Amino acid sequence: MSIIKFLDEFTNQSMLTGRSSRREIFGALGILGKKAALAAVPLGLATMPQKTFAQDMGNDPVAALQLALTLEYLEDEFYDLALQSGVLPSGRPETVYMQISKHEQAHVDFLIAGLEGAGVTPVEKPTFDFTVGGTFDPFNENGIGQETAYAQLLALAQAFEDTGVRAYKGQAGNLLGSPFLTAALQIHAVEAMHASEIRRLRSLKGWITNKERGEGMPEATQAVYNGEENVVQGGLDVTTLGNSAAFSMEASTEAYDEPLSGDDAVAIASLFIVS
Amino acid sequence: MNKKRIRIAPISNLNHRRQFLKIGGLGVVGAGLLVACSNDDDMGGDPPVDPGNGIFDLGKGDLGVLNYAYALEQLEADFYTKVVNSFYGNISDEEMQVLTDLYYHEVNHRDFFKAAITAAVDGNTDLVLPTLEFDYGSLDFGNREMVLGTARVLEDTGVAAYNGAGKLITDPGYLLLAGKIVSVEARHASAIRSLLNPGSADFAGDDYVTTDTGLSAALDPSEILAAVGATGFIKTAFTANNLP
Numbered sequence: 073m074s075i076i077k078f079l080d081e082f083t084n085q086s087m088l089t090g091r092s093s094r095r096e097i098f099g100a101l102g103i104l105g106k107k108a109a110l111a112a113v114p115l116g117l118a119t120m121p122q123k124t125f126a127q128d129m130g131n132d133p134v135a136a137l138q139l140a141l142t143l144e145y146l147e148d149e150f151y152d153l154a155l156q157s158g159v160l161p162s163g164r165p166e167t168v169y170m171q172i173s174k175h176e177q178a179h180v181d182f183l184i185a186g187l188e189g190a191g192v193t194p195v196e197k198p199t200f201d202f203t204v205g206g207t208f209d210p211f212n213e214n215g216i217g218q219e220t221a222y223a224q225l226l227a228l229a230q231a232f233e234d235t236g237v238r239a240y241k242g243q244a245g246n247l248l249g250s251p252f253l254t255a256a257l258q259i260h261a262v263e264a265m266h267a268s269e270i271r272r273l274r275s276l277k278g279w280i281t282n283k284e285r286g287e288g289m290p291e292a293t294q295a296v297y298n299g300e301e302n303v304v305q306g307g308l309d310v311t312t313l314g315n316s317a318a319f320s321m322e323a324s325t326e327a328y329d330e331p332l333s334g335d336d337a338v339a340i341a342s343l344f345i346v347s
Numbered sequence: 012m013n014k015k016r017i018r019i020a021p022i023s024n025l026n027h028r029r030q031f032l033k034i035g036g037l038g039v040v041g042a043g044l045l046v047a048c049s050n051d052d053d054m055g056g057d058p059p060v061d062p063g064n065g066i067f068d069l070g071k072g073d074l075g076v077l078n079y080a081y082a083l084e085q086l087e088a089d090f091y092t093k094v095v096n097s098f099y100g101n102i103s104d105e106e107m108q109v110l111t112d113l114y115y116h117e118v119n120h121r122d123f124f125k126a127a128i129t130a131a132v133d134g135n136t137d138l139v140l141p142t143l144e145f146d147y148g149s150l151d152f153g154n155r156e157m158v159l160g161t162a163r164v165l166e167d168t169g170v171a172a173y174n175g176a177g178k179l180i181t182d183p184g185y186l187l188l189a190g191k192i193v194s195v196e197a198r199h200a201s202a203i204r205s206l207l208n209p210g211s212a213d214f215a216g217d218d219y220v221t222t223d224t225g226l227s228a229a230l231d232p233s234e235i236l237a238a239v240g241a242t243g244f245i246k247t248a249f250t251a252n253n254l255p
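Protein sequences, first through last, are from chains A and B.
When you read off a place in the first sequence, starting at 1, and then add 72, the result is the number in this note's numbering.
When you read off a place in the second sequence, starting at 1, and then add 11, the result is the number in this note's numbering.
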C-alpha cells in the first residue's frame, strides 16, 4: 500500500464502511504535497480533515501499526541523513544520534515484521522532505551554515520524538486487546527516552511543562505541544490534590504526557512527506 | 560497598498458584513484602481480596493494576522525598533540578492513584492499598552514586512495570492513564541515566533497550514485585495473588 493511500485511509472516517470521500482526501493530500503549499502551512495546521479519530476508527490495530511504521520511517531516515550530513558535532550529539538511529531502524524492521507476520502488507516508505519545501536546511544542503543547521537538526529531532511519544500513546486504545499492545508500549517508552535526551541536549528539561515547546523551537512546532497543558486525569484535576509544588501547574503538566490523535499525528508527519 | 540494587531479570518458578514467596531484604531485618502470584486465567467470580490473614491483596483486573501502580508510585515518591530532604553534598544545580522535579512528579502520581482508586471503588477503602512503610537500610542518601543508581533502578523498574501491565488493563481510560505516566517515567529514566554517564548512549542504553528490536523492558507484576521485594525497601506486607 502506498503511503498516500494509507494516510488517506487513516484519516478517512468512512474507512470501515465505505470509500466515498477517498478521492476528495487524496486531492487534499496532493495539494499538501506540493512544496509551495507545504512551506506555507505551519506544522500541524495542515489541511487535513478534522475528524474525531478515536471514535471513528474503532479498534483497529492494523491502522495503528501502519501509522507507527510511517512515523518510524520518518525518524529513521531523518537520523540517517543527520548522521551523514556532517552537521553533527562529534562527542555527545553524534553518540546520541547514533543510538537513536539504531533504535529507529530496529523499530522499522520490527513493525514491518510484525505486520507481515499478521498477514498485512506494510505501508511503503514515503519520500520525505525534511526541509519542508526549503523552510529548513537541517542537513546544510543549501548552505545555511553548520550552526543553524545543527540547531534545526536538534529542533526537528525534539519535535519528532515528542510527536512519536504522543502518537503511540494516542494509539494505545486501538491496540487494547491486541497482541501488539505490549510491543507498542515498549517502543513508546523508548521514544520517550529519546525525547528526554534530545531535550536535555537542547538544555531543556526532559519533560514537557504546560504546553511549552521550549526555547529555540520554531513556532511551527507548537502543534506538537498543544494539549500538553491538560491537568484533568481520569476526571480528576490533579492540581487540586494538594497545595505543595508537586501539584503546581508546572509539575502537574510535566507529570503526565498527553496523547495525540491519529489525525494530528498524520497532519504533523504529512508536512515532511512529499509522496 | 554493600549497595542495594533491584535486579531486573526474568524470575522463574513464580508462576505457581498461591505460592507465597517471602523475599528477604538484603540486610534488612523484617522486610515484609510478601509476593504471591497467579497464572490463573479465570477472572470469573470474586476472589477474596482479603485472604483472611489481614494482609492486603492488590486485587484483580483493573483494580489490581491500579493498586500495583500505586504501590510502585508510593515507593518512588517516598524515595525522592528522602532524597530532596537530604541532598547529597556538592550536588550540581542540574542534578538538584532533576531530582526535585522527579520528587514532584512521583508525589503527584502517588496522590493521583490514591484519589483515583478511592473513586473507582466508591470510597470502599478496604480495597485501596494502604499507605506503605519503607526502610532503605544501608542506602546512604549522602552518596551521589547510590542515590542516582537507586533512582535509575526505580525508574527503569517503573517503565518495565507499566509496559508489562498494559495488557492486563481492560478499561481504555486506565490504559491511556498508564500510557500518560509511563512515558514520563521513561523520560526520568533517560535523564537519570544521562546524569550517571553524560555524553554516552546510556540514556537508552543497550542494557535496557534491545539492540535488535529497539524495545524497552516489559515485566509482569510477579517479576517486578519479586525484584522490588528483594531490595527490602518495602516494609509493609501485601500480596498480588490475582495478578500474573
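A portion of the hints provided could be inaccurate.
Claimed, not checked - Coverage of chain B stretches by chain A, computed from C-beta distances (three or more under 8 Å per stretch; other residues unrestricted):
(1) 65-76
(2) 123-136
(3) 146-158
(4) 168-176
(5) 180-190
(6) 205-214
Unchecked claim - Computed from the model, here is a short list of chain B residues facing chain A with C-beta under 10 Å:
(7) V118
(8) P141
(9) V195
(10) E196
(11) A197
(12) R198
(13) A200
(14) A202
(15) D217
What the hints contain is simulated information worked out from the structure, not anything from laboratory work.
Being a predicted model, the structure only gives us computed values, none of them experimental.
We put the CB at the ideal spot given by N, CA and C, even for glycine.
Going down the list of hints, with the structure as the test:
Counting residues of the stretch 65-76 of chain B whose beta carbon lies closer than 8 Å to any beta carbon of chain A gives 0, which falls below the threshold of three, so the coverage claim is violated. Note: the stretch 123-136 of chain B has 4 residues with beta-carbon separation from chain A under 8 Å; the three-residue rule is met and the coverage holds. For the stretch 146-158 of chain B, the proposed coverage by chain A is not satisfied: 0 residues have a C-beta within less than 8 Å of a C-beta in that chain, short of the threshold of three. Counting residues of the stretch 168-176 of chain B whose beta carbon lies closer than 8 Å to any beta carbon of chain A gives 4, which meets the minimum of three for the stated coverage.
Beta-carbon proximity to chain A at under 8 Å applies to 9 residues in the stretch 180-190 of chain B; the threshold of 3 is reached and the given coverage holds. Evaluation of the coverage hint for the stretch 205-214 of chain B: fulfilled, as 6 residues show C-beta separations to chain A shorter than 8 Å, against a requirement of three. The beta carbon of V118(B) is positioned within 10 Å of a beta carbon in chain A (closest approach about 4 Å), and the interface hint is therefore held. At its closest, the beta carbon of P141(B) sits 18 Å from a beta carbon of chain A; the interface hint therefore is violated under the 10 Å criterion.
The restraint placing V195(B) at the interface with chain A holds, with a minimum CB-CB distance near 6 Å, inside the 10 Å limit. For E196(B), the interface hint holds, the least distance from its beta-carbon to any beta-carbon of chain A being 8 Å, beneath 10 Å. Given the 10 Å rule on beta carbons, the hint for A197(B) holds: about 4 Å separates it from the nearest Cβ of chain A. For R198(B), the shortest C-beta to C-beta distance to chain A is roughly 4 Å, which falls under 10 Å, so the interface hint holds.
The beta carbon of A200(B) comes within 6 Å of a beta carbon in chain A, closer than 10 Å, and the hint placing it at the interface holds. Checking A202(B) against chain A by beta carbon gives a least distance of about 4 Å; that is within 10 Å, so the hint holds. With its C-beta approaching chain A no nearer than about 8 Å, D217(B) sits inside the 10 Å limit, and its interface hint holds.
The structure is inconsistent with the numbered hints 1, 3 and 8, although it conforms to all the rest.
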